[in-house]
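A.B. asks: Okay, here's what each chain looks like letter by letter:
Protein chains: 2
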Amino acid sequence: MNTALAQQQQAVQQRIEHAIKDHFRQLDDHAPRLKAAMEYALLNGGKRMRPLLVYSVGNMLGLALSDLDPIALAIECIHGYSLIHDDLPAMDDDDLRRGKPTCHIQFDEATAILAGDALQTMAFDVLANAPLSASASQRRITLLQSLVQASGYAGMCGGQAMDLAATDNAIEQHQLELLHQKKTGALLRAAILMPSQLLDIPTEHSLALENFARHVGLAFQVQDDILDIISDSQTLGKPQGSDQAHNKSTYPALMGLDGATAYLHELHQQALHALASLPYNTEILRGIADYLIHRKH
Amino acid sequence: MNTALAQQQQAVQQRIEHAIKDHFRQLDDHAPRLKAAMEYALLNGGKRMRPLLVYSVGNMLGLALSDLDPIALAIECIHGYSLIHDDLPAMDDDDLRRGKPTCHIQFDEATAILAGDALQTMAFDVLANAPLSASASQRRITLLQSLVQASGYAGMCGGQAMDLAATDNAIEQHQLELLHQKKTGALLRAAILMPSQLLDIPTEHSLALENFARHVGLAFQVQDDILDIISDSQTLGKPQGSDQAHNKSTYPALMGLDGATAYLHELHQQALHALASLPYNTEILRGIADYLIHRKH
Numbered sequence: 001m002n003t004a005l006a007q008q009q010q011a012v013q014q015r016i017e018h019a020i021k022d023h024f025r026q027l028d029d030h031a032p033r034l035k036a037a038m039e040y041a042l043l044n045g046g047k048r049m050r051p052l053l054v055y056s057v058g059n060m061l062g063l064a065l066s067d068l069d070p071i072a073l074a075i076e077c078i079h080g081y082s083l084i085h086d087d088l089p090a091m092d093d094d095d096l097r098r099g100k101p102t103c104h105i106q107f108d109e110a111t112a113i114l115a116g117d118a119l120q121t122m123a124f125d126v127l128a129n130a131p132l133s134a135s136a137s138q139r140r141i142t143l144l145q146s147l148v149q150a151s152g153y154a155g156m157c158g159g160q161a162m163d164l165a166a167t168d169n170a171i172e173q174h175q176l177e178l179l180h181q182k183k184t185g186a187l188l189r190a191a192i193l194m195p196s197q198l199l200d201i202p203t204e205h206s207l208a209l210e211n212f213a214r215h216v217g218l219a220f221q222v223q224d225d226i227l228d229i230i231s232d233s234q235t236l237g238k239p240q241g242s243d244q245a246h247n248k249s250t251y252p253a254l255m256g257l258d259g260a261t262a263y264l265h266e267l268h269q270q271a272l273h274a275l276a277s278l279p280y281n282t283e284i285l286r287g288i289a290d291y292l293i294h295r296k297h
Numbered sequence: 001m002n003t004a005l006a007q008q009q010q011a012v013q014q015r016i017e018h019a020i021k022d023h024f025r026q027l028d029d030h031a032p033r034l035k036a037a038m039e040y041a042l043l044n045g046g047k048r049m050r051p052l053l054v055y056s057v058g059n060m061l062g063l064a065l066s067d068l069d070p071i072a073l074a075i076e077c078i079h080g081y082s083l084i085h086d087d088l089p090a091m092d093d094d095d096l097r098r099g100k101p102t103c104h105i106q107f108d109e110a111t112a113i114l115a116g117d118a119l120q121t122m123a124f125d126v127l128a129n130a131p132l133s134a135s136a137s138q139r140r141i142t143l144l145q146s147l148v149q150a151s152g153y154a155g156m157c158g159g160q161a162m163d164l165a166a167t168d169n170a171i172e173q174h175q176l177e178l179l180h181q182k183k184t185g186a187l188l189r190a191a192i193l194m195p196s197q198l199l200d201i202p203t204e205h206s207l208a209l210e211n212f213a214r215h216v217g218l219a220f221q222v223q224d225d226i227l228d229i230i231s232d233s234q235t236l237g238k239p240q241g242s243d244q245a246h247n248k249s250t251y252p253a254l255m256g257l258d259g260a261t262a263y264l265h266e267l268h269q270q271a272l273h274a275l276a277s278l279p280y281n282t283e284i285l286r287g288i289a290d291y292l293i294h295r296k297h
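Protein sequences appear in the order of chains A and B. At position 186 of the first sequence the residue is numbered 186 (this note's numbering), and the sequence of numbers has no breaks. At position 38 of the second sequence the residue is numbered 38 (this note's numbering), and the sequence of numbers has no breaks.
Bear in mind the hints are in silico, worked out from the structure with no lab data behind them. Treat the hints loosely; a few may be bogus.
Listed below are the simulated EDC-like cross-link pairs for lysine to aspartate or glutamate, each with C-alpha atoms no more than 20 Å apart in a straight line [said to hold, decoys possible]:
no.: 1; chain 1: B; residue 1: K248; chain 2: A; residue 2: D108
no.: 2; chain 1: A; residue 1: K35; chain 2: B; residue 2: D108
no.: 3; chain 1: B; residue 1: K296; chain 2: B; residue 2: E204
no.: 4; chain 1: A; residue 1: K248; chain 2: B; residue 2: D108
Not everything, but these chain B residues come out facing chain A in the computed CB check (under 7 Å) [unchecked claim]:
no.: 5; residue: Q120
no.: 6; residue: M122
no.: 7; residue: A128
no.: 8; residue: A130
no.: 9; residue: L132
no.: 10; residue: S151
Covered stretches of chain B (chain A as the covering partner; in silico rule of three or more C-beta atoms under 8 Å from a C-beta of chain A) [stated by the list, open to error]:
no.: 11; stretch: 33–44
no.: 12; stretch: 140–147
no.: 13; stretch: 160–171
no.: 14; stretch: 181–187
Quick caveat: nothing in here was measured; it's all calculated off a predicted structure. Beta carbons: idealized from backbone N, C-alpha and C, even for Gly.
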């Protein structure tokens, strides 16, 4: 990760953690265990890749940070709820997430289910209620529509269901891509496109951002699958080899490790190519694309 | 149930089932098992009490049915998702719901978790995307804010967490009321108030509807607790005595069966009193209040 990007990521991590804590301070305490479980899950750090994308695209387009905060927080609420539910015994049955006990281990399963549910609502709460500048406020419905599209049956939930159906079943590459476009790509795409929806940018710029989002989203997933094979559990913060153990469909399983690595580099080039057509300062976004293919965890 | 109300309820049941089927017809089939689970849960009938309230208040205020449809459907999506998750093994662990296998029994636990998640998103999808008349469309954000408030930590999820915390623990009446105001009252309240938010009605009329909603919501819960003791499993469509079996806090446990019955009648009178101050034709709403205290399941 280059220096400018590393600084940006650190600033984003601090900003989103502050926004999370600030939001929870405003909630009353009628259900303290639920509140604690929600905050525990959201504050379990991670790379904050989606907020990083939100602020990076937003900064590139000259948007106010205060208009980007609710977008970043809402997307992180959706991401956080999906991790809680994915880790449940009936789903991936994971005890550890980024080296810490998962929500249902730290609390209990009923509380974890509810915490995921309430975090999903919180995402829409943030978008529906956040103070926004006048021009951004006019686009609230568009933002809500985008988050709905990325999260529900058409997006993340649908992708997760496709993943369940693909476990123990061989699927073809186009099905695996659709699965990942929905399961992880849809929310990454929302993080890239939602800031741009606060402005009227030319259609060709929107399409270039769409292209960037699609290739970066796939590259992220291909690298995830590769790391599950070549990394170790300590670096990953989760058990290495869990995809194979769970008999999941992955890119290395489909195209071999060399084939997946070559595909990753092709996606990386396409992501950079999409950025090259934009008349903005895309340095940070290029850094993110580079980082995604070189990351070790 | 009087004849006018029975007819209205039948019309509402048909209308909401049609709206549900119509919505699912528009979804593509990338995750057929998830889609089937979502539709299965939503089509498992029931009294459709929340849609009945939406259409009854909406009709009373002279609103267009096409503006009421998305409100009724969105609320029913939230209600449906909450039932799926409440029935899960880690929550109430119920195998039957209205005499049919619960979602995780009919499908599987992972699919049921996802179906609940995707139904929650669908609720916000419906409100954010439904075609509405021009005047109603201006109030979309208000509707979304109301549904968020009723569903999340401040509402239903928070109430469910309070219920978990109260199980095996004695709580006082004011805590039990707050619990139920959130767990079941908040969504019933939304069903009564959201139609009125499409219009500018005088504050005293809003307050009267609020009062009606609060008392009807509590009466509904008190009657639920009473029926769990005095009814039988076949009439209820779920195991009689399950509150006691789960050691739940209930009104009869707190104030005795006679005390709870007296309280129910007091709430009923207060609900009717609130309606009496409204200059609309409140016949159907009075019928609903009467029905709620006389119902057998």
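A.B. asks: Now tell me if each hint is right for this structure.
C.D. replies: Against the structure, the hints:
1. Between K248 of chain B and D108 of chain A the alpha-carbon distance is near 18 Å, which keeps this suggested pair within the 20 Å criterion.
2. A distance of roughly 28 Å separates the Cα atoms of K35 of chain A and D108 of chain B; the hinted pair therefore is violated under the 20 Å criterion.
3. For the proposed pair K296 of chain B and E204 of chain B, the alpha carbon gap of about 34 Å is over 20 Å, so the pair is violated.
4. Distance hint between K248 of chain A and D108 of chain B is fulfilled; the C-alpha atoms sit about 18 Å from each other, no more than 20 Å.
5. The closest approach between the C-beta of Q120 of chain B and any C-beta of chain A is roughly 5 Å, which is under the 7 Å cut-off, so the hint is satisfied.
6. At its closest, the beta carbon of M122 of chain B sits 6 Å from a beta carbon of chain A; the interface hint therefore holds under the 7 Å criterion.
7. The interface hint given for A128 of chain B holds, since its Cβ lies 5 Å from the closest Cβ of chain A, which is under the 7 Å cut-off.
8. Contact between A130 of chain B and chain A, as hinted, is not supported at the beta carbon level, the nearest pair being about 11 Å apart and thus beyond 7 Å.
9. Evaluation of the L132 of chain B hint against chain A yields a violated restraint, the C-beta minimum of about 11 Å exceeding 7 Å.
10. Because the closest C-beta pair between S151 of chain B and chain A is about 5 Å apart, less than 7 Å, the hint holds.
11. Note: the stretch 33–44 of chain B has 4 residues with beta-carbon separation from chain A under 8 Å; the three-residue rule is met and the coverage holds.
12. With 4 residues bearing a CB less than 8 Å from a CB of chain A, the stretch 140–147 of chain B meets the requirement of three and the coverage assertion stands.
13. Figure legend: the stretch 160–171 of chain B, annotated as covered by chain A; annotation consistent (5 residues with Cβ-Cβ distances under 8 Å, at least 3 required).
14. Note: the stretch 181–187 of chain B has 1 residues with beta-carbon separation from chain A under 8 Å; the three-residue rule is not met and the coverage is violated.
In this structure, the hints that do not hold are numbers 2, 3, 8, 9, 14, in rising order.
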